[in-house]
Structures are given as structure tokens and as C-alpha cells.
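We have chain X; now place chains B and H onto it with these hints.
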Amino acid sequence: MYAVRMENITKRFGNVAANDGVHFAALPGEIHGLLGENGAGKSTLMRILFGLYRADSGSIYVNDQPARITGPRDAISLGIGMVHQHFMLAEHLTVAENIVAGCEPRRNGLLDYGRARRQICEVSDRYGLEVDPGARVEEISVGQQQRVEIIKALMRGAQTLILDEPTAVLTPPEVDELFAVMRALREPGTTIVFITHKLKETMEVSDRVTVLRDGKTIGTIDTSDATPDSLVEMMVGRSLPAHDDQRVPPREAVLLELRDVSVAGRKGSRARLDGVSLAVRSGEVLGIAGVDGNGQLELEEVATGLRRPSKGRIVLIGQDVTGFDTGRIREKGVACIPSDRLKRGMVDSLSLARNSVLGVHRSSDFSRRGVLLENALREHAQGIVDKYDVRAESIDQTMGSLSGGNQQKMLVGRELGRPHSVVIAAQPTRGLDVGATHYIREQILASRASGKAVLLISAELDEVLELSDRIAVIYEGRIVDVRPTSSFTERELGLLMTGQRNEV
Amino acid sequence: MSGFADVVFNVNNLTATIRMATPIALAAMGGAFSERSGVVNIGLEGMMLAGAFCGVLGSHLTGSPWLGVLLAVAGGGLVGAILAVFAIRLKADHVVTGVGINILASGATTWLMQVIWKRKGATDMVAGLGTWSVPGLRDIPVLGTILGVHSPLVYISLILIVLGWVLMFRTPLGLRMRMTGEHPEAADTVGINVHAVQYLCVILSGCLAGLGGAYLSLAQLNWFSKDMSAGRGYMALAACIFGGWNPLGGLGASFLFSFTDAIQMRMQTAQIPLPVEIIQMIPYLLTILILAGAVVRSRPPAALGKHYEAGQVR
Amino acid sequence: MGLRGNASRFAYSAIAVLLALLIGAVLIGASGYSVMEAYSNLLMGAFGGVYSLATTVVMSTPLLFTGLAVAFAFQCGLFNVGAEGQLYVGALTSAVIALSFSWLPPTLRVIVALAAGAGAGAALGFVPGYLKAKIGAHEVITTIMLNYVAISLTTFLVKNYFRDPGPVDQTVLLPSGSRLPELVPGTRVSLGVVIGILAVALLDHVMRRSVLGYEIQAVGRNPHAAEYGGVNVRARTVQAMMISGAVAGLAGSVEAMGTLYRFIPYFSPGYGFTGIAVAVIAGQSMWAVIPAAVLFGALQSGGQSMQLFAGIPMELMTMVQGLVILFVAAPTLGSMLLGLRRRLPGKGGGRA
Numbered sequence: 000m001y002a003v004r005m006e007n008i009t010k011r012f013g014n015v016a017a018n019d020g021v022h023f024a025a026l027p028g029e030i031h032g033l034l035g036e037n038g039a040g041k042s043t044l045m046r047i048l049f050g051l052y053r054a055d056s057g058s059i060y061v062n063d064q065p066a067r068i069t070g071p072r073d074a075i076s077l078g079i080g081m082v083h084q085h086f087m088l089a090e091h092l093t094v095a096e097n098i099v100a101g102c103e104p105r106r107n108g109l110l111d112y113g114r115a116r117r118q119i120c121e122v123s124d125r126y127g128l129e130v131d132p133g134a135r136v137e138e139i140s141v142g143q144q145q146r147v148e149i150i151k152a153l154m155r156g157a158q159t160l161i162l163d164e165p166t167a168v169l170t171p172p173e174v175d176e177l178f179a180v181m182r183a184l185r186e187p188g189t190t191i192v193f194i195t196h197k198l199k200e201t202m203e204v205s206d207r208v209t210v211l212r213d214g215k216t217i218g219t220i221d222t223s224d225a226t227p228d229s230l231v232e233m234m235v236g237r238s239l240p241a242h243d244d245q246r247v248p249p250r251e252a253v254l255l256e257l258r259d260v261s262v263a264g265r266k267g268s269r270a271r272l273d274g275v276s277l278a279v280r281s282g283e284v285l286g287i288a289g290v291d292g293n294g295q296l297e298l299e300e301v302a303t304g305l306r307r308p309s310k311g312r313i314v315l316i317g318q319d320v321t322g323f324d325t326g327r328i329r330e331k332g333v334a335c336i337p338s339d340r341l342k343r344g345m346v347d348s349l350s351l352a353r354n355s356v357l358g359v360h361r362s363s364d365f366s367r368r369g370v371l372l373e374n375a376l377r378e379h380a381q382g383i384v385d386k387y388d389v390r391a392e393s394i395d396q397t398m399g400s401l402s403g404g405n406q407q408k409m410l411v412g413r414e415l416g417r418p419h420s421v422v423i424a425a426q427p428t429r430g431l432d433v434g435a436t437h438y439i440r441e442q443i444l445a446s447r448a449s450g451k452a453v454l455l456i457s458a459e460l461d462e463v464l465e466l467s468d469r470i471a472v473i474y475e476g477r478i479v480d481v482r483p484t485s486s487f488t489e490r491e492l493g494l495l496m497t498g499q500r501n502e503v
Numbered sequence: 000m001s002g003f004a005d006v007v008f009n010v011n012n013l014t015a016t017i018r019m020a021t022p023i024a025l026a027a028m029g030g031a032f033s034e035r036s037g038v039v040n041i042g043l044e045g046m047m048l049a050g051a052f053c054g055v056l057g058s059h060l061t062g063s064p065w066l067g068v069l070l071a072v073a074g075g076g077l078v079g080a081i082l083a084v085f086a087i088r089l090k091a092d093h094v095v096t097g098v099g100i101n102i103l104a105s106g107a108t109t110w111l112m113q114v115i116w117k118r119k120g121a122t123d124m125v126a127g128l129g130t131w132s133v134p135g136l137r138d139i140p141v142l143g144t145i146l147g148v149h150s151p152l153v154y155i156s157l158i159l160i161v162l163g164w165v166l167m168f169r170t171p172l173g174l175r176m177r178m179t180g181e182h183p184e185a186a187d188t189v190g191i192n193v194h195a196v197q198y199l200c201v202i203l204s205g206c207l208a209g210l211g212g213a214y215l216s217l218a219q220l221n222w223f224s225k226d227m228s229a230g231r232g233y234m235a236l237a238a239c240i241f242g243g244w245n246p247l248g249g250l251g252a253s254f255l256f257s258f259t260d261a262i263q264m265r266m267q268t269a270q271i272p273l274p275v276e277i278i279q280m281i282p283y284l285l286t287i288l289i290l291a292g293a294v295v296r297s298r299p300p301a302a303l304g305k306h307y308e309a310g311q312v313r
Numbered sequence: 000m001g002l003r004g005n006a007s008r009f010a011y012s013a014i015a016v017l018l019a020l021l022i023g024a025v026l027i028g029a030s031g032y033s034v035m036e037a038y039s040n041l042l043m044g045a046f047g048g049v050y051s052l053a054t055t056v057v058m059s060t061p062l063l064f065t066g067l068a069v070a071f072a073f074q075c076g077l078f079n080v081g082a083e084g085q086l087y088v089g090a091l092t093s094a095v096i097a098l099s100f101s102w103l104p105p106t107l108r109v110i111v112a113l114a115a116g117a118g119a120g121a122a123l124g125f126v127p128g129y130l131k132a133k134i135g136a137h138e139v140i141t142t143i144m145l146n147y148v149a150i151s152l153t154t155f156l157v158k159n160y161f162r163d164p165g166p167v168d169q170t171v172l173l174p175s176g177s178r179l180p181e182l183v184p185g186t187r188v189s190l191g192v193v194i195g196i197l198a199v200a201l202l203d204h205v206m207r208r209s210v211l212g213y214e215i216q217a218v219g220r221n222p223h224a225a226e227y228g229g230v231n232v233r234a235r236t237v238q239a240m241m242i243s244g245a246v247a248g249l250a251g252s253v254e255a256m257g258t259l260y261r262f263i264p265y266f267s268p269g270y271g272f273t274g275i276a277v278a279v280i281a282g283q284s285m286w287a288v289i290p291a292a293v294l295f296g297a298l299q300s301g302g303q304s305m306q307l308f309a310g311i312p313m314e315l316m317t318m319v320q321g322l323v324i325l326f327v328a329a330p331t332l333g334s335m336l337l338g339l340r341r342r343l344p345g346k347g348g349g350r351a
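So the protein sequences, as listed, match chains X, B and H.
Residue numbers 0 to 503, in numbering that gives the first Met the number 0, belong to the letters of the first sequence in order.
Residue numbers 0 to 313, in numbering that gives the first Met the number 0, belong to the letters of the second sequence in order.
Residue numbers 0 to 351, in numbering that gives the first Met the number 0, belong to the letters of the third sequence in order.
Bear in mind the hints are in silico, worked out from the structure with no lab data behind them.
Only a predicted model underlies this, so the values are computations on that prediction, with no experimental measurement involved.
For every residue, glycine included, the Cβ atom is placed at its ideal position computed from N, Cα and C.
Don't take every hint at face value.
Stated by the list, open to error - Once the Cα atoms are required to be at most 27 angstroms apart in a straight line, the calculated BS3-like pairs of lysine-lysine come out as:
1. B/Lys305 with H/Lys133
2. B/Lys119 with H/Lys158
3. X/Lys386 with X/Lys331
4. B/Lys119 with X/Lys342
Said to hold, decoys possible - Just the calculated beta-carbon pair ranges, DEER-fashion:
5. H/Arg207 with X/Gly13: 22 to 32 angstroms
6. X/Gly382 with H/Leu201: 40 to 50 angstroms
7. B/Phe168 with X/Gln64: 39 to 49 angstroms
8. B/Asn11 with H/Pro268: 52 to 62 angstroms
9. B/Phe168 with X/Arg53: 31 to 41 angstroms
10. B/Phe168 with X/Pro187: 34 to 44 angstroms
11. H/Phe100 with X/Asp385: 54 to 64 angstroms
12. X/Ile220 with H/Arg207: 55 to 65 angstroms
13. B/Ile277 with H/Gly176: 54 to 64 angstroms
14. X/His85 with B/Leu60: 37 to 47 angstroms
As the list claims (entries may be wrong) - Facing chain B, according to a computed beta carbon distance under 10 angstroms, are these residues of chain X, among others:
15. Pro104
16. Ala183
17. Glu186
So that you can see chain X by itself, here it is in the shape it has in the complex (with noise of 0.2 angstroms):
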């Protein structure tokens, strides 16, 4: 008997499969890995048994009982519960608001707000998922929030629950204690999918493991007699080439420099970035390792000129530059890669080559005497697609209408293509999958080669590493640790970003 399986599911999205005659199947009781690549359709197959969406063709399995999925209703009524790797939580509500909302106790038609605390303090208790019902969810941590997430499935009668990418926000310790959570769940007999692209937690954790490659699904193996390395071969079928690393001895030039700065938090909670200290030097990449919401977005803000220090200097090049608006720090030579592409990056309903100047778009090169200057911009659009390997049809095309990656790579081109000394780079391969995100780290390797300052802000560890020089470790809005790459373990990385400086 299985608990659930699935059987020859196909989804496209227009011309894309993004699911094509997948199967699937997982047993009572286990933890079973979905392991691939961004992009092999591992989320997506996850979210048509979640009824997010629909399976253009195939068919689901409850208990071997033949299931119709139209919606999440009907698949919570299943006893099929997801976290998702986007919480799906309303910042401004109570803890125990997400949770009860649409299963809400009531009494006399009210909604029963003690017994809701109640329920919730039980199941809490039962798994170890420690949680304050009355914290606005803006207010918990991400960690806590992923707990209400699991608690609002279990709380619905989840005897299948599943787990998208829920280590990618967690810091090493915060992952030791969810695996805990899970094996915990799978005592009673819950069943667990756990979708992810990191092998190793996959071998840890999973009693099972299905790989996904490219919206195929490549085989189903029991995790014992899995090594990492097969399951390497299943999950990418080909080799990536290593990155061509030439190091250059970083010269003593200091190109960017932040000197005691901070940012004041809301009134009455503590500073976003207190007394931050940073110097990039010329041919070195500075990385910045911590868990998300230590106050990444913050310096990010503060180095590219869109948020002004409460206190502190930032110098470019030897020039005091604070209080500059993010113009006039890139007019000096800042190239800047946005953590948030979509929100930042570029203007998603304009053309390629509209984009491929903002920013620059007052240079003499793409504007005279408040005209702009139609042909240089097109031609300037078209070089940055012929060198930069954008995948479009035309410059004409709106930038919307690209894919992550390739607007991306677009946006890499703008900002790396014009005179610069210093690059400030932010989750510049989120979301992306393996082929654009090993094109962008050369990149900003051969930036660094170059001889340009790289300032490096990632979640992804694994980034941080491959590509700094040395490492500051930023915890609550201080950088608690800065050194070179090599003379940190992971697991005093992983000490030093949850604030555990003694053990270190």
C-alpha cells in the first residue's frame, strides 16, 4: 500500500513540460527525499497533489484509493498537507490566526480563541515545534515561522506532509532540529515528502529517494543503497566544468569601505546594522554569510544608496559617498546586482532595450540634452544579449517575458558591462537553475580577476564559499567574524550566523 502515488503526470506550461509523465509513490510512515535540480519539475509535481495545480493528463492515488484533486481543499481533506518554500502566512496576523484560519473553533459562531491556543499549544507539544500563538508572524523568526507552517498542516489532519526546499532558509543547527521534527512525525506514521536539491541532507535524512531530472523521473532507490555520487549522475546526468579560478593576490587597495555603520530599527527594536565595518579590497570577493533577515537587506540597501546610514560613513574609492542616492553611487563606478531581481532589478513591461539603460540612461553615451539617443540603446541592448548569452527573440520583447535566468543574465550585463571598480552582488543566482547560476559565478570570478572590489551577499552558503576570498559572518546586524575562506570549518560558519560566538 502506498500512501500516496502518482501515475504518468504530465503539466505543461506553454510550451515548457514542466512535469512529463512522472511517477511517483511513497509508502506510510517514511521520509521520502524528491531530490533534482532547479527546474526539474520537483515543486511542481508536489503542488498538482496539492491541487495547486491541475495535471494536464495522469492520475492520483490516496491509499490506493483513486483520488480527485480539484483544489487544496480537497487535498487537505485528504489528509495531505504542504509547507511551502514561500511561507504562506499573513505577517500582520497572529501565529494562531494563520494556523486556525479556514479550520477555525468556534463558539456561539464566534471564533474560540482560547481553545485555538489550546489545540495549537498541544500539537506543539506533541512534535517539539515551539511557538507563541499570540506573536504577530511579522515578529517570529523564519525558523518559528516554518514551525507554524507545519503545525497549521498537522493541525488540518495531515497524515501526508510536504516539505518544499525547507532547509533553504534554515541555518545548520535550525536543520538539525526540523530533521529531529521529522522523524518525530514519521513515528506515528506520517508520511513525509521532502523536496530538495542538496544531497547530503537527502542521505541523512530520507529512508527513500525519488530524482527527478528535467520533468522525467529517473528512478526510485532506498536511500541505504544510495551514495552521493550516484545520485549525482541521476540528478544532473552530466558534469558542470569547475569554474576557471584564477586567483589574483588581492592588491592593498581598499575600492570600498564601510565605517561604523547602522541602521536604526523600528522604534523600540534593536538596530538592523550596528556598527558595521567592512573593507573590499581591489581583486578580492568580500562574502557575507548569514541567515537570511540579519540584516543582509539592510546592508545591501545602505552600500548601493537606498536607505542612508542612521550612523557611520561609507567611502567609495577613497570618496565619502553616505547619503548618496543609489544614481550617483553607481555614476561612481558600482556596478549592483539586486537581491530582489523583479522588485529592483529591471521593469518587467518595458523592452530589453529600455532596461539595458536604466540607470545609466543620463550617460552622454544614451541621452543628449534630455532626449534619449534610440540607436545607441538598441545597439547597446543587442551587445549585451550577443555577449551575455540571452536567450531572447529580440530587444524589442518585453523584459517580463524572459526567463528568471535570462533576465537575469541580462541584468548582470547591464551592470557589469559599464566601467565599474566595485561590484556589490546580492543573491545573484537565486532562483536560477545550474547552467545560468555557473555562468553568473564566472562572472563575478572573472570581475574579481579583473582586479574589481566584489562584495558578496548570498543565503546559499555553498556561494559563499565557492566564491569568496574572505568571509564575514553577519548575526543580528553585527558581522560577528571576518576571515579568510579557508580558515573557517562549516560548522563554526554555522555557530558564528546563529550567534553561538563562545563555541566557536
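Coordinates of chains B and H only, in the frame set by chain X:
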């Protein structure tokens, strides 16, 4: 100078404040429901106007002002349903739709007035609601003057506003409404029917604005006149924002707006040496000032004005 | 792609107008009037003969400006519902300047008066623009409130300072040297319509070719990215609203100096609001404002003759305007209607 003080510090101003705040507070509560569920409601003005018209129409046809009130609620709800279909089902821009609805309502009510009564500016008199004077309450000094004698709709509205607050913040349905406007995907993934909740809220908002309109035409006056809502729907939206998308907050904001309006009217009748036009500007200028100050502090529902379709979860 | 997009949008707008008129026909019929009589008068009043055509042009001219004003602000993501008020201050300012600067030579006097009207509109546009940029106050509500303020204020000023000594509250008649010259003698078609078309051409150029227009579009479509691209979002917001206000102010100037030859309180039958309908139909294109303005001008002039000769209240045209806004605002309505047609048997033979 003492004349001026008499005008401002007069108990009758408070009586008038309650009178004039009622329709605005009702529509503001409507705005709160609509916007809490994620639908921007600029169309309150049109819904109010439709309510005012339908109220008079109902009273005219049946002779009963209370049936007029019912028709007003239905008429406002119908206009709400139009906004809902366009903003939710057809994914039209909420603000543009609202403005379209207001123009439509202005044209439709004036057209029907001419078709039914053959008059251009205002309808004939119809049976109005009259006033209630509450035994006991009316005999208390000062408070009795302020609260004791009003249209029945004033008392009904105050009760409705308290009930509206309970619905929004103390019931399962209210939580679902707030969840929908804050995070429709989250609502959807816990099995809440996002569009059904939005339809309900927008239609409810039309009913409440329609009731506010009925107050204008059946309680303050006993006839309908062209564009008689005169911007109160927009003021109601401002009151809704100023009141933090909360029925009670909206009531407070409406009191503030209406207090200045009451003073403005008293100034006109008291022959204060200020031109009528200047005095008439005061409530509008005040709305701008309050709105300018209010936006800094209040925070709209996170998904306000966005369209949602199941399966667009990212 | 752009051309095809424009063409299909134009076709859809035409369908929306027809649909609105169809609903209007139902209402006319249901109210006991003759649909034929109504719509033949509508058509004749709009396009039947020189006089009708001239009336249509006269009615379209202010809409050309108000529609352009709203459409321009749209590009910056701003919804200027305040064109009505901006039109009033523009009209009064122009009338007063045209009357009091009689020492200036006529051509210069007209130019100065027009510029002053535009300036007054821009000044009124500044307020909601500034409140939006600085504090985030929703421009829809602030512009609406300012409409009431502007209408009261202009009425007050006329009554107390610029009143014609006759029985009516209005300014004195402009002398001929202070008026916009007639384009077609014997009609009220003035140079105003030419100024309107020039304004469309100018703003189209600004929007598509200039750095300012590029930045305004970026702000309108994604203010965060614009800010990241070094665009001063607040300044562009205020500027867009001021330009929009100036154009709406010109609508009033042209009315006062080319059609009414004076300022009259409450003279506008809602040109500012009809301008919204014009802009919604015109969509992203400045040039499309011209046919859209003519359409609503025609509804207006035809509506008048419908009221005059068939006794059918003009407010029907207000309803049609509201319906057109609704239909054009609903992007999925068109595809739904097309889809419906495709599903009907015998038409086009089903899906390809």
C-alpha cells in the same frame, strides 16, 4: 469673537455631528470590509448614490420608507456586485472600475429620476423615516440633546457598526476576510474560497454604503436630488483609511469629519462674515489634511488591489 | 508587435463602446422611448452636417486636453481624477489674465493667458503630486477633494472680485483681442483644437523619446526599479502630476477663451471626468487620445440633440461613459466575449 465661540462650542453641533456622521460611517465600514478582503473600493460614492435613489424609489412605490430602506440596501448591494464582478472575475483595475461605477451610478440615477418623475433636479417628496425619541435617554441633560432624538437609522447604524467590528475581528468569517486581503495564496492553500470571500465583502460593502445613501434621502431629506451623495463616498473611504480599516475607527473618523461639517453649517446659518464657498471648502480641505497625516501611520492590507487566481502560487 | 497590440486594443475599445450603446438602447426601450428615434438623433447630432460636426469638435476639444492630462498621469502610475478642478482654476486664471492684461498686444496677451491657465492647473496638480510623493496620500482621494475646493474657490473669486455687473455670477465678456481666433468662421471651432493636437504631439514625443518620459514610465511601472536606476521617483511623480494639471488647466483656458469667452461658475458638464473615460480608452498611447476624445465629444453633441429633438435625457450618455470605462478596464472581458463567439456553433468552426 464670542459669536465664533458660540458657533464652535455648541451642544447642537454634537447632535448634528452624529446625524451627519451616520451615512459616512456606514459607507466607511463598507469600505473596510471591501478593502480588508483586498478589493479597493473607490465606488462607495456610486453605491451610496444608488442607495439614496433606491430608498426614495422604494418609498415612492410602496409608500413605506422601511421598504425603501430595504431596496436601498439591495440597490447598493447590486452596484457592489457590479464592482465585484469587474474587479474580481474580470480582473479590471480596481480604481478605474470604481471611478467607472461612480460615473455610471450618477448617470443611471439621474436618468431614472427623469424617466420616473419627469424632473431634472430632484424627485417629489416621499414618506420619510421620521425620528425616534428614546425614552429615558432623551431626558438626560446634554447627553439627551446629543443622542436622544434621531432618525431610527442612527441607532440601527450604531448597532450595525459594533456588530461589524465583531464580525471582522471575532468571528471565523472575519478572520477569513482578513486573511484573504493579507495573503490570498495563504488563504487559498488552507481551503478558503478567496473569490467567494471577496464577493461577499464587496457586496456587503455595497449594502452598507446603500444604507448610508438611504439615510441621506429618507432620514435627512425626504427626496432624492441629482448627485446628492456629494463626495461623501470619497470621504467615507478617507475615513476608512484614517480609521485603520476598522469599523469603529471609521466611525471615529466620520465623527471628526462631520464635526467640522456641523460647524461649517452652523457658520452659514449664524451669518458669520465668511463667504459660503469658503466655509464649504472646509470639510474637503480637512479630509486632505487628515489623509495626509493618516497614511503615515496606517498600513493597508498587504494584497490590496491585487488580482488573485488559484494556481498562481509561486 | 506594438502595432498589432494597438490595433487589437482599438478594436476592443470599439466593441466596448458598441456594447455600452447596446445596453443604452435596452434602457431607452425599457423606459418607453423609441430606440430608433434616439439613436438617429444621436448620430445626426454628432455627424449630420457642418453644424453638427462643428459642435462635435467643440465638445471634443476640452476632452482632448482632459483626456491627455489623465492619460499622461497614467503613465506615471497616477490616477488624476482632479482634471475637473484643474480645468476650473485654469479657466478662471486665463479669463482674468486675458481681461486684465489688455495693454499687451492681442497675440501675446492670448499666449500669456494660456500659459497662466496652464500654470494654475499645474499649481493645483502640484498638491496631490506632492502629497503622494512625500507622504503617500492616495491621489484619487486628494484630487477629488481638490475638485470641490477648486469649484468653490473659483465661484467665490468670481462672485467677490471678478463679477460682471449684470444679474448673473460670471466675468465680463472677453474683448475680441483676448479670445482664441475662430478656425471656422460662424462656428465656435477655435484654434483650441489645434493647440490640443499640438499638445498631444508634444507629450507623445516627451513620453516616447525623452529622458523625462522614460523615467516617468519607469516610475509608473516599477517605482522600486526606477529608484534603483537612480531616478528621482518623488520628483518625477510631482512633475507628472504638474504636467497633467497644466494640460487640464489648458482645457479650461481654451473653453474660457475660445468657446464661452468668459468664466462662468459651474460651466463644465464634467469634462474632467469624461477625460478619464477618454484616457482609459486611449490606453498607453497619447495619439489615441484624439479619436477617443472625438468619440466622447460626439456622444456629448449627439446626446444634446437627442435630448432636444427626441426628449430623451442626456444623462443616458453619462451612463454610456461609465459603462465604457468598465468594459475597457476589464482586459479579460474581450477575450471572454471572443471565446464565447468561438464556442458558438457554426461560427468560425471551433478552435484551430
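Do the hints match the structure? See the list:
| no. | hint | result |
| --- | --- | --- |
| 1 | B/Lys305 with H/Lys133 | 24 angstroms, holds |
| 2 | B/Lys119 with H/Lys158 | 26 angstroms, holds |
| 3 | X/Lys386 with X/Lys331 | 24 angstroms, holds |
| 4 | B/Lys119 with X/Lys342 | 51 angstroms, violated |
| 5 | H/Arg207 with X/Gly13: 22 to 32 angstroms | 30 angstroms, holds |
| 6 | X/Gly382 with H/Leu201: 40 to 50 angstroms | 32 angstroms, violated |
| 7 | B/Phe168 with X/Gln64: 39 to 49 angstroms | 41 angstroms, holds |
| 8 | B/Asn11 with H/Pro268: 52 to 62 angstroms | 38 angstroms, violated |
| 9 | B/Phe168 with X/Arg53: 31 to 41 angstroms | 36 angstroms, holds |
| 10 | B/Phe168 with X/Pro187: 34 to 44 angstroms | 36 angstroms, holds |
| 11 | H/Phe100 with X/Asp385: 54 to 64 angstroms | 60 angstroms, holds |
| 12 | X/Ile220 with H/Arg207: 55 to 65 angstroms | 59 angstroms, holds |
| 13 | B/Ile277 with H/Gly176: 54 to 64 angstroms | 34 angstroms, violated |
| 14 | X/His85 with B/Leu60: 37 to 47 angstroms | 54 angstroms, violated |
| 15 | Pro104 | 9 angstroms, holds |
| 16 | Ala183 | 23 angstroms, violated |
| 17 | Glu186 | 26 angstroms, violated |
Violated hints for the displayed structure, listed by number in ascending order: 4, 6, 8, 13, 14, 16 and 17.
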